[in-house]
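Engineer: Residue-level listing of the chains:
Protein chains: 2
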Amino acid sequence: MPLITEILAEASSLVEPDERERRLVSETAKRLLSVCRDEFQQLEGVVDISVEGSVAKDTWVKGKAEVDIFIHFKPEVGRQGLEAAVLSAGGRVIERLSGRHWLRYASHPYVEGEVSGIRVNIVGCFKAEPGRWISAVDRTPYHTAFVNSRLTPELRRDIRLFKGFLIGCGLYGAEIRVEGFSGYLSELLVLSHGGFLETVRRASSWRMPVFIDMAGRLRLEEALKLFPKAPLIFNDPVDPSRNVAAAVSESKLAEFILACKIFNSSPSLSFFQPPKPWGKELAADVGSRNLLGIAFTVERRQPPDILWGEIKHTLRGFARRLEKEGFQVYRCDAWQLSDEVVLLYELSSLSLPENVLKVGPPVWMDNSLEFIEKTMSRPNRVAGPWVEGERLYSIVRRDESSAEQLLRSWIKRREVAISKELLNSVERGEILTSRTGLVERLSRDKGHEALLREFLEGIATPIRHWIKRC
Amino acid sequence: MPLITEILAEASSLVEPDERERRLVSETAKRLLSVCRDEFQQLEGVVDISVEGSVAKDTWVKGKAEVDIFIHFKPEVGRQGLEAAVLSAGGRVIERLSGRHWLRYASHPYVEGEVSGIRVNIVGCFKAEPGRWISAVDRTPYHTAFVNSRLTPELRRDIRLFKGFLIGCGLYGAEIRVEGFSGYLSELLVLSHGGFLETVRRASSWRMPVFIDMAGRLRLEEALKLFPKAPLIFNDPVDPSRNVAAAVSESKLAEFILACKIFNSSPSLSFFQPPKPWGKELAADVGSRNLLGIAFTVERRQPPDILWGEIKHTLRGFARRLEKEGFQVYRCDAWQLSDEVVLLYELSSLSLPENVLKVGPPVWMDNSLEFIEKTMSRPNRVAGPWVEGERLYSIVRRDESSAEQLLRSWIKRREVAISKELLNSVERGEILTSRTGLVERLSRDKGHEALLREFLEGIATPIRHWIKRC
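Sequence lines, in order, name chains A and B. Read in order, the letters of the first sequence correspond to residues 1 to 470 in my numbering. Read in order, the letters of the second sequence correspond to residues 1 to 470 in my numbering.
Worth flagging that the hints you see were computed from the coordinates, not collected in a lab. Errors might be hidden in some of the hints.
Which copy? The list can't say, so a pair holds if one copy fits it or any two copies do.
Said to hold, decoys possible - For lysine-lysine, the following DSS-like pairs were computed, each having C-alpha atoms within a straight-line distance of at most 30 Å: (1) Lys312 / Lys324; (2) Lys324 / Lys358; (3) Lys30 / Lys127; (4) Lys62 / Lys374; (5) Lys358 / Lys30; (6) Lys30 / Lys420; (7) Lys276 / Lys374.
Only a predicted model underlies this, so the values are computations on that prediction, with no experimental measurement involved.
Could you put together the complete structure from these sequences and hints?
Structural biologist: Quick look at the structure:
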């Protein structure tokens, strides 16, 4: 096993940008800043223009630079004034630099674009005192200042290693699709533990809920009351009432803890690179897997966070409905490839038993005689009613037992929680099972085939880094 | 609908013994008493001989008389002395009356026999002061005295109606096979409510746990502490620390409440007669039922309460094992016909899904990496390990999925809770399913066929009295 220092040295070369990249990023930032000054400074209410984010902190991962330009407005300008100014002047800036650009909506709209092959964002914020925030991004300049005031060259390297580790394990990104770790959270974790290895070592023995307070301003009990459902609480040094880790889901935090455990006991360079797609052929015994899939087409103009909110809501909606009906849902996942979305479920079986147990009321309830009369008059009664414990029960024959047919009728009759915005797409979509061509249909496209193969293996990314060498 | 008074008048004629029966019972009791005096009175320590039970109280149901003769011993005689005396002299008594007799073991042995076609029991008890009981039957003479001191002709009729109602609903008898209402409990219920209709009306709105204290000597909280799991608590007026209803199971109490509710809303004579066996042919669609049965032969010399304790223990043992493995057990039942016992289960399916979800440890547990290594090295691994919530999961292929085969191997490997005394019988028994001849096998015998038909209908007895007229 190579020494951990050797692994980290090699990993550094994967995450540290080289001179050429640094120069390109720094020049692009300078040009943007200059054109922004030209376009924005004469506008009413603009008080400052700055570079923020990982470029301002020199903490971006090789090949992943994004230049964030923030235009600071006086509060008096108002939301609408800020938005109108950013969207029109922001677009002009990028056009003058011969870049492409488009609109994005997060908590408020901003201009996203590409200049010299580098992603740039032009964002408007209000100049606000801490605690008197107007928009969600007003804290960003304070985040930049806070992190920069504590950085050393060693910590920069370690932050890049940590981000590379998270990327390699599929855990980087606060967007809804990922539900993982934001850049700022990654930086704070390394800062608060004093380095990459220290963070990974400590995290390997975390147990949820995890609470970290760099500023020492909150007690555990207060934190648990403020953020009752959060598996990871890292209160923002710039704003103690905010949880920097709010986007991290329980599953992603658990995968992170697992990744740290595995890396600790068996470190390797592999963790710093996303695993390659499964090279294996689709297993021959896929026929024994009970897969149910829904494939549908979506409009691509929606911002990813909106779309993925809807996808995840719908994914869970079908899972809950299937379970309510009696199916055992072993696992589910969703992916998007260009405008095609696939929701995929692995079930214990693609059909339910023909007969189903009906749980009636306790005998002492007013409606117990009603249950008996109703049961006796059902043409699909198989057995009962009988009494067990304090309750009545009966067995009736199901009208429909196939998952595929049930899904069709739930969608048709609106008996399942589908995001309103996806309803039409899902209705026009295809419902497939491993008995009715799901594998063949998805294998027509190399991208879908790779994702299906990954789903079939079903191995968490951190584990894939390990077993490669088992 | 006939008037309730007409129904009760007709029911009375079903439960009140006629003159001929009264004469026969009374003469038999007299003859027994006289021969017992002859055989027992010269024995050391015998202080009294009496008739007890429903004959002494004139509360037996037509055709169901049992003459209980109690031989009262001084405590100094001791258990062994009492047993030896009762077994030898008791047998001689019945021989002298040209009856048949055999031994019975309840809490202590007694002689059971038949004289002039009437069941007789010769039981030894100790003459004990209340609260200083030596054997379990020492309270009986006090029970007889207590009930007799409160009886009127009207209450006698109502007690017989109530017992007839319980018999008609399959709820009469404190033996383990029934887990229902003893004669003494039935008498106390009618006495404490003041009549048959009053009892049924009150009971129809019972909710468990039910607590009745005729003597007013116990508070509810005390009762619930003394008898924490009893669904029905009726503390003995002769011994407040004893629950007269200890034998009543939750299911049987619930069936009783249901029977009272139905009778109240729709009274009929039907409730006073056990329902006739189902006349219907075995349903043609029995093939869609997932039945699993175990038929085995037992030695008949065991007392029924011992045997039925073992049968019920074993019945539950298999049910728990099946559920643990992933089968859904809709219902189960057991019956005994001469020396043949049948345990019968209705399942949602006779086979489990090919693949099974394995729930691993939470990621923060010490053994989480072990679970991963173990899973990856399993030749039957299908998918995983993956992370969901805080836990690891995987899917593996089952070695065996048929209920029948699993049952065989559990019995062989002693991996199921079977009563020790039934182990050999079960091992030599037949395991049958509705796919492998269960229906054909049981239909060979008219008795088994009738019970199978009843199981397949699965309708609680009180409900059968109702739907007859629906």
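Engineer: Please flag the earlier hints that this structure goes against, numbers listed from lowest up.
Structural biologist: The structure breaks hints 4, 5 and 6; every other hint is satisfied.
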